[in-house]
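Work the whole structure out from these sequences, hints included.
There are 2 protein chains.
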Amino acid sequence: MSILRKDPLSDSWVIFSEERTIRPQLFIHPETRPPMPVASYCPFCPGHESDTPPEIRAHRPNGGQPNGPNWQIRTIPNKFAVLRVEEPLRRHGDGIYDSMEGVGAHEIIIETPNHDSDIVSYPLDHLVRVLAMYRERTADLTRDERLRYIQLFRNYGFAAGQAVSHPHSQLIALPIIPSSVQDVIRSVREHFDQKERCLLCDIVSQEIKDRSRLIFENDGFICVCPYAAKFPFEAHIYPKRHQAYFRAIADEELPQFAQALQIVLKALKNALADPPYNYILHFAPNYSGDQYEKLQKQIADEFHWYMEVIPRVTRLAGFEVGTGCFINPTLPEKAAAYLREMIASDPASQK
Amino acid sequence: MSILRKDPLSDSWVIFSEERTIRPQLFIHPETRPPMPVASYCPFCPGHESDTPPEIRAHRPNGGQPNGPNWQIRTIPNKFAVLRVEEPLRRHGDGIYDSMEGVGAHEIIIETPNHDSDIVSYPLDHLVRVLAMYRERTADLTRDERLRYIQLFRNYGFAAGQAVSHPHSQLIALPIIPSSVQDVIRSVREHFDQKERCLLCDIVSQEIKDRSRLIFENDGFICVCPYAAKFPFEAHIYPKRHQAYFRAIADEELPQFAQALQIVLKALKNALADPPYNYILHFAPNYSGDQYEKLQKQIADEFHWYMEVIPRVTRLAGFEVGTGCFINPTLPEKAAAYLREMIASDPASQK
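Chains as they are written, first to last, in the numbering used here: chain A, 1355 to 1705; chain B, 1355 to 1705.
Bear in mind the hints are in silico, worked out from the structure with no lab data behind them. Honestly, I wouldn't trust all of these hints.
All copies of an identical chain are treated as equivalent in the list; a pair is satisfied when it fits inside any one copy or across any two copies.
The calculated DSSO-like cross-link candidates involving lysine-lysine, where the alpha carbons are at most 27 Å apart (straight line), are [stated by the list, open to error]:
| id | residue 1 | residue 2 |
| --- | --- | --- |
| 1 | K1651 | K1594 |
| 2 | K1563 | K1648 |
| 3 | K1360 | K1549 |
| 4 | K1360 | K1594 |
| 5 | K1688 | K1620 |
| 6 | K1688 | K1360 |
| 7 | K1549 | K1433 |
| 8 | K1594 | K1688 |
Right under this line is the structure:
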């Protein structure tokens, strides 16, 4: 079972996951660790369904039994979950310290049966179904009133934390609102209080007008290198329509988002020679439950979901780790111009 | 010249350092990058003084000219500084965005003339002089009223961001207070407002009583694996006496701190097979200037400096990057017990 503990200095929660306890001898230096091996056995490949925990949801357009083959997309609980739904939510104090038991969820979305498939080459309608799975899983977990935040993310490449090479995304649902989300809530609330407008709606307007940081635009979405990107070639995707939760994305917006995502990932792949990356969906915290009705309405006005794509091509040194103040050697305007060139020179993006 | 830009979503500043601009082709994946090469030429070694910018301060116990050899410790401006003192502080607005020009300082403290020396083996009195140099440099930069925060840190090993293998520390002085420091200020202020006591003084008391997370203690300092450590084997060193700034460390406390630091670094080295690490000195922001007199007095009561030592033996994946919520596989009580064993089995620590 996991434990969450609150750091009294930074006021942020840390998850201690005993499922993952490793003896100190087993920590290997990141720099000497070999690239991810090509697995001779893959637990996510079709035929190995019984080696994973029973599936939560799957897409089987041609029929078939749960936990059998014939799936196109398959969502399972993470076998090495950092948090589990079955635990009761208990809070503890120890002098000045606070902890709680690790209630939550940790799911794996296996995006395709094809081990060697690359997300940038998925047929668009397949990527749409993967994104629809994101929408469904995040909507479903919202019903659990104990879960305050749901983080959906994808780790690609060893340096970005990918452990199994079969294409997959993950979601972790938490009983707390993480500190970086609280920072964003503070910002969007302050902006709304002052102007009665959504901060990200204002950012979208300014970026469309300015165009210097714009990478791509379609009817529903814009892709930009953000004004104060923490990482070189960091890219954000913003829905044009105000919506606080990814679960609110409309059916007709799904292919638009899939197109934007694929174009950005492909441009980064071409620009940076297939870099490791993380993408992360940021949306409003979960205030389900009657007692939070007012808060839920308020956050729906203030928050605007977005996706962050972070190529992991630099190391984090002591300064960044210590201050949370990042040093970026590449201005976003330069990165965006370069990515626009990548898109323009790719015949597949010209459609 | 550098530019600082504020991220409107997280309300944190990012430094764009054009001095370090790299073409996208030059980003190399962290996982495929070779370990740091043994330099055949080292700009920090004695005899190469003219290849660095002119020194700011040096320790030459046997005499000698500035920028000549015969030094034991040498502080120089970083040739590739992310911020420079000579720039005027100008602020700009661009629609909803804020930026300022990159005034600040970026210094390198070359800790020893011996290229192959290891900080855990420095004679104690030499490490004391290195720490006295930290104290002197941070005190000196405090006099510049434009500088709001001074971050002193050490990167050891490639994965921790070390670029030159000659032993050195760095400091970066900023015209802003970084977001992670603002988080700590919020926490210590809230605690002080409620209890009229320093939060870290309370933590020190509880850790000394509890002992389960204690690694080492002497008259002036305790070393612990903190209650909510973000990283496996993360260690903190706290002064027992309340002091907001490292520059306030007393002469008689310097050898106590040097001993604590060396014992912690040696224990980590033995426990984790010479891991890459960052150490970071956290102290109160700089409120010099008459208009801040009240704030300066207030923060001196609230803030308590500490050193954070972070072994870099895990990767940061999408979840941590996205949420700021860390997953730690090792409970600090277990890490502390292991480090105590390391210290107990090292004859040099038995003095």
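Hints, verified against the model:
Taking the closest pair of Cα atoms, K1651 and K1594 come within 27 Å of each other only inside a single copy of the chain (20 Å); across copies the shortest separation is 47 Å, beyond that limit. Within a single copy, K1563 and K1648 get their C-alpha atoms no closer than 34 Å, and across copies no closer than 44 Å, so neither meets the 27 Å cut-off. Proximity of K1360 to K1549 under the C-alpha cut-off of 27 Å is restricted to the inter-copy arrangement: shortest distance 19 Å between copies versus 33 Å within a copy. Proximity of K1360 and K1594 under a CA criterion of 27 Å is satisfied inter-copy only: 22 Å between copies versus 36 Å inside one chain copy.
In the homo-oligomer, the alpha carbons of K1688 and K1620 lie at most 27 Å apart inside one protomer (18 Å), although the nearest pairing across protomers, at 44 Å, exceeds that limit. In this homomeric assembly, K1688 and K1360 come within 27 Å of each other (Cα to Cα) only across copies, at 18 Å, whereas the closest approach inside a single copy is 39 Å. For the homomeric pair K1549 and K1433, neither the shortest alpha-carbon distance inside one copy (46 Å) nor that between copies (44 Å) is at most 27 Å. For the homomeric pair K1594 and K1688, the shortest alpha-carbon distance inside one copy (23 Å) is at most 27 Å, but the shortest distance between copies (49 Å) is not.
Of the numbered hints stated above, those contradicted by the structure are hints 2 and 7, listed in ascending order.
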